[in-house]
Structures are given as C-alpha cells and as structure tokens.
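Colleague: Now for the letters of each chain:
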Amino acid sequence: MTIRPLAAVAPFAARSLAALLLLVAALTAPGSAGATIWNPKTFTLDNGLQVVVVENDRVPAVTQMIFYKVGAADEEPGKSGLAHYLEHLMFKGTERHPNGEFSRLVALNGGQENAFTSQDYTGYFQSVARDRLELIMELEADRMANLILTDAVARPELDVVIEERRSRIDNEPGAQLDERAGAVLYLHHPYGIPIIGWKHEMEGLTTEDARAFYARHYAPDNAVLVITGDVTVDEVRPLVEKYYGPIPARGIAPRTRVQEPPPLTARRVEMASPLVRQPEWNRSYLAPSYLAGEADQAYALQVLSEVLGGGATSRLYRRLVVERKLASSAGTYYSPDTIDLSRFAIYVSPRDGVPVEDVEKAVDEEIAAVLAEGVDPEAVARATARLESAAVYARDGLQAGARSLGVAVAAGRSIADVEAWPERIATVTAEEVDAAARLVLRPERSVTAILLPEKPAI
Amino acid sequence: MTTRFAAALTVALALVLGIAAAPARAAEVHEVVSPGGITAWLVEDHSIPLIAVDFVFRGGAALDPAGKEGLAEFTSVLLDEGAGDYDSQAFQRTLEDNSIQLGFNAGQDNFSGRLKTLTKNRDLAFDLLRLSLTEAHFGADSVERMRAALLSSLSRSMENPDRIAAQAWWAAAFPNHPYGRPVSGTPESLAALDVADLRGFVDRRFARDNLVVSVVGDITPEALGPLLDSTVGTLPAQASSWDVPPAVLENPGSVTVVERAIPQSVVVFGDLGIARDDPDFYVAHVMNHILGGGSFNSRLYEEVREKRGLAYGIYSYLYPLDHASLIMGSVATQSARLAETVAVLREQWGRLAEEGVGETELDEAKAFITGSFALRFGSTDGVAGIVTAMQLQDLGIDYLDRRNALIDAVTVEDVRRVARRLLDPGTLTITVVGAPDPLPDGAIVKNAE
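Heads up: the sequence lines are chains A and B, in that order.
Here the first sequence stands for residues 1 to 458, where the numbers follow the working numbering.
Here the second sequence stands for residues 1 to 449, where the numbers follow the working numbering.
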C-alpha cells in the first residue's frame, strides 16, 4: 500500500475545493472519458445555453450541474478572489426566492447541493429525487438572471471567504508554499494567482465588484448545463426550454488572457516554518493541456504520469521508496483539463533523516535515465490498460460523468473529443511517452519547491 | 425563521408532504448464507460490471495494547504488501494490472476493509483478499518501509491543526481510556511494534465470529456463496475475546487551548450523546440535524456563518461508539473572534435545550432527512457502507423499509425532551488549537509542546 501525504497528492492544485474535486475527477476518470462510458446527448438553446444529458437509471435521482465559463483566471488585475466570492454570493437570493430560500428549498426536497470555482469555470450542482428536477431547474435558472446583492448579505460572506482562505492556506505552511510556487511557475499568466485570492485583494472586494462580475459573465450564452440521472433527454428538453429558454443571451465576449512567455529559467522556492516537522519536496513543470501548448502531447503525458508516479509499482515509488529507501512516498500529478498551460508535478516525502538534497538528486537521476534510455514499453502498456479500466469505475456514482463532461465542454472541447479519450489513451506508444518526457521534463520549465522545518535558534 | 419566507415555505412543504417523497428504498438487501455457513448481506445491481465488498472485523484500535498504539493501523497498511506466492511488488502489480482496489482501515471499534473489482476479475480479486487476510508476509523490508511512511504521515499530522485539535479533544475527554489514545500511535509506539505484534494481531482479530460482510453489485447469491467460503472460510471460528471498559467522559465542560502560531483557531467540541440502540436515537438524529447537522441549513450554520461571517463552516454530528456515545462538532475562526464563536456555540447549544424546536423547523428537517435518503444509494460504495452499518448496529435487514417512518414519527415534544437530556453548554468539552485572543471563557492554555 502507498501512503500519500494529504497535502502532497496535488502539490499545487490543492488551493480550493474546486481544484480538489477536479483532482478527484481526474484520478477516477483521467481527463475525461468516452462515449462508451456515459453516452451523453447534447443540444443548444437559441439563447446559446449548451445542454448535456447523461441518462442513468440506477437510482431514481437526478443531478443538475451548471458551469459558467468564467473562473479565477478571468478576474481583472487587483480583484483576485472575485470569481470565488461571487460563487458564495450566488446563494444570497432573488426577488422570487429571497436570501436563504435556495438552500432551504433544496434541503426541504431532500436535495444535496454545493458549488465550486476553478481557474477556468464556476460550477453549481444539486442532486434530488427525479420528480424534483423541475424545482431545482426553476431555482438555478432564476439565479442565472435575477440575483440581488446587498451589502447586508455580501459583507458577512466576505468574512466567510477570508476564513476559508485561513483554513486552506494561511494555517498550512505546505499550502502557503504551493501558492508561492504557483506564482513563480506562471510568471505572467493569471493561473499564478490563487483561486481563493490574495488576502489583501480579497479584503478590498466590494458588493459592486460582485454585481459587475455577475452582470458580465453570468448568462445562458456563457454556460453549460449538465443533467445526469434517471431522466431522458426528451424529458429534460422541455424543462430546460421552459426555465432557461426565456433568459436572453447577453452577447458575452470570448475570454482573453495574457499568455506565458517562453520559460527560460529553472526556479526554486524554499520555505521553513516552525509548524513543519516533515520536509517535503516537489517540482512542477509547465506542461501542455488539451487546449494549450503542444496539445497533442496531453495523452502521452497522462501515460507518463502513470508510469512515473501512478501507484506502488510506478518508477519513482519503486526506485525511491522501495529500492533506495530514500523516501516514504513519491508520486506525480498531471491534469490536461485546463484551458491554458497546465503543470506536470512530481512530489516526494523524504524518509526521516534523509536530506532533501539526496531526494532531489535521486529524482534528477530517474528523470535523466528516462530521458536517456526511454520508458519501459511494458510499463506503458500496463499504464494504458489501467487507465482504460478506470472508465468503468467512472460510471459509478450519482453524479457520474457530470463533472468531467461539464469541465470539458465549458473549456471549449467537443463531446466527440471527450468521447475519444479511451482510444486515444490506448494508442499511446512508448516512443510518444519518451517524446512527451523530453518536451516537458526540462529544468527551464520548472519550479522546485522545498518545505523545511525551521532550524532551531542557536 | 423570519416571516418573509413563510409564503414560499407553505407551498414547498405542501409539495414535499403532499406527494410521495423520494422512494424510501433504493436497494433490496438479502441475506446470503454460504454452503460453509458464512453469512453476508447482498444488494444485487447488475447495471455496471462492478462488485464492491465491505468487510469488518469487530474490535479496533481501542484494543491496541498500551505502549503499542498504532498496531491496528500498522497492520492495515501491510496486508497488501506481499501475501501467498506474491511478494510486495507482485501483489501491488496484480492489483493494478487488474484494476482491483483493495484497502484496509483501522477505526476505534472496528477493523474494516473494502474490495472493489470489475466483474471479469472477480475470482482473482476475492483470492487476493483471501491471501491478504490469511497469508500476509509482513516481510522485514515492507514492515520498515511502511513504518517509515506511517512515521512520516504522523509527523505531518502533528502539523495539521484539525488533527491536533481532534487528538487533544480525545485526550482531554478520555485520559484513562483507550479512546483517549491516538489510533495512529505515537513515534515511540510505532518504533516499538515488531513483526510478532503484527502477526499476533492477525491471529487474534481475524475470525469468522467477529466478521461482518456486505456485498454490492454485479454478483448473484449463487456465485457469492462459494466465494465467501473460499475467501474467509479458513479463518478461525472465533476471535480472541476482549474487554474494553465503558469510557467515562472526564473533565466535562473544560476548554483546553493548545497554543500554535497560526492565524485561525481550530475548535473541536463534544459531549456525551446517545447510543445507537437507544429508543430516542432517531429523535437525537433529527435534533442534531437542526442544531448543526444540516450542511447549509442548521442553526449553528445560520448563526455562526450566515449572520456573523465567523467561519467557513460549522457542523455537529452524533458519534455512537461501542463504549461511549458522543455528540461532536468542529469550527474554525480567526484568533480575534474565537471567543465570540465559542460564545455563540454555547448559546445555541443551550437555546435548543431550553426552547426546543418549532413545528415548521422540525417538518423541514424531517423532509430533508427522509427525502435525501435515496441519494445515498447512488454508488456501490455508498450502498455497501449503509449495509455494513445496518449489520454492525443490528438495525435489521428490513431497516431500509422502516427508516423513514422512524424519522417521520419524531415530534416536537420528543425533540424538546431529548435536547434537554443531551445538550448542556456547561458540560460541552472544547479544545482549541491556535492563538485565540481574547481567550474563550474558562480556557486553560497548554504550551505548544
């Protein structure tokens, strides 16, 4: 069994609930999955709302998940945390359903709900018994167009998101280091700014900022609606037309973001804290995604991640933990779902008494060996087979498919592209994995982050 | 409740109470008895080619001998590190290459595990489970590697304010009972454990008479019976007997502050609760939902987060253990407002005891608890977990048919009575990790180390 440190599963991604949930989705259904898994059906309303339906009659329940194509990376400079703050404020009521009533009605009807914000999108979901779909659709459509924000409800919520930041980041040295490493990995692109926001900018966010952000980005022509569960597309369509259809399109402008300059320099960040007892080492490389950089490498990079760091027989675990006994855990993380450049991360916990430098040297040796000799073709075959089987597990669960499909479509990918995932993974060869490794595992693309116990005062 | 919601609520309640809510039962549970006499509860579901097996051996970390804390957990991470003809890497490789998920977990009262497999790899999966339970190697190399991993994980948890707060609560409440000792052990106790301890754990704890098995998914009773025999049929008939004394909550009402230089203080609170087999358990369940169990709708959530912006979240839950029954909860807030948060918590705790709940508030809580039950059957894991709990807690195989009626029968008078019995802010035991300023009333401060 491998024991993975909580914080190091996603060295840099663990910035928000959103990022964590996305990671879970990525691990259970790497990247996304294909037609043979969920067999989604789609249509688009005249006002531009894209709708995806996954029929699944295992339980008499249904999930509605809406994705707005706006995330933290779309905030204006100086307004970091605004997308996530608005996510919280979306529960503050409309004229028809005043503050508190949304969650009250969902609960009253036995529903479960939550919301999440990533760099690229903001999402909201509810799961209810199948005969309550109309209710949650009415509620979600209502707040797409009619949110009312006042200082009276918005100010206490700003305190809440600042407390959320304290919980996730300020109380955890590892999270603080991850935040700074992310800021250094992305020299210019807004992915370097934490989703939850820099605290000094969060403190300056106003109710008017939230109103303006809502008015600019929340509209049917900037949203993807995913319905999964015990319902057919023929049942869903009239309801969607009834509740979302009357909301006018706003002519939302396509997103524009500044892009990274070519990486030229290897970077290091190091932090020591009296709260830390256990040193940690990780490294992130700027990497292509499905949509950015050398996007055709995204499949080979998923296989590379599995071969290098996916579990107890992966190369890094076997070499560093089992054979050389330098580390207590080792692994990798890569998700190609981002709109802009993603990251390929390696994380290692040194074994007690082993200097961090020894661990780093050992990782560098493994990388050098992979680049010089290539990966083991048998390991590639095992990894692709394993990833394909993950597709069956991805069908299990109340919201199966909703998240992966919504993320992909909101990012601008086609359903067909999502559907092709199993066969694209299956055809990845060892040579392609080697080429992807040579492309990405380069010092100048990387940030190495080291967390240390604070040295005792002499 | 404020008046502006009243009209909409009337409509919504009519919708909920007038129409049949979500089907109360989303799964049929059947008892399967193998040819060899092993019993399992089965929920068949052939819609996806997956099978999940939940199994529990009664007797958990509370049985770890003094000075050997962490024994159950240490065992739990070594069962898949080589067994039978497979060495550690071969065992892991076989799991991975066949997409078989196998894991074990040590709790305070129970040692549990879960197997999940694609139907096509069913027989291999059950055989790997058999090997892990009956022929684990405990090879020196694996033992030392996992010892290092556990020590590393323990070090990390000593940096985690949530973990520190929880451990401090248990230590303060049960200083003289196994529940007060850490399930994950201490650096010293982990260092002291050896292979004989681990083998002894398997020999004493893994038996047929303390075993509970639940199976969910793509398998028939006919196929399951022989697999039960081949997988656990060779286990000893009886586990070693054990005796854990009832846990007496000590220092009720104490407030302990563990100092740490962090900007947000983490609070764990708790008191004696109610046993799972107490006739008033369902009343307490509904009461707790109103107090702090409803994720976005509880009184604590409303008062602490919505009205005052004090915290990202606050919750409470019933925690009925075998030897102590508790009601517990947690919240985290900035140092300057910790005392205020604790005051609000105590006030709400006392208010529910004194005033009880209103009819509408109760109806809404019951509507959620009964209506959302079906959502818990959405994944094979979720179903397996419920079926295991039904067996462990002796709820009866027809529990799914009866459960919502038990909730619906709860009255305002019931909640008033049980709240008065359970909720006393004067005995609410609180631990805080951080640097609160001002300190909450009655706090005793402990230094960081």
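Think of the hints as simulated: they come from the structure by calculation, not from any bench.
Misleading hints may appear alongside valid ones.
[What the hints assert, rightly or not] Taking beta-carbon pairs under 10 Å as the criterion, some of the chain A residues facing chain B (in silico):
(1) V106
(2) V128
(3) P156
(4) H188
(5) S273
(6) D352
(7) P355
(8) D358
(9) K361
(10) A362
(11) R382
(12) Y393
(13) R395
For every residue, glycine included, the Cβ atom is placed at its ideal position computed from N, Cα and C.
Colleague: For each hint given before, does the structure comply? Return the numbers of the non-compliant ones in rising order.
Modeller: 4, 7, 8, 9, 10
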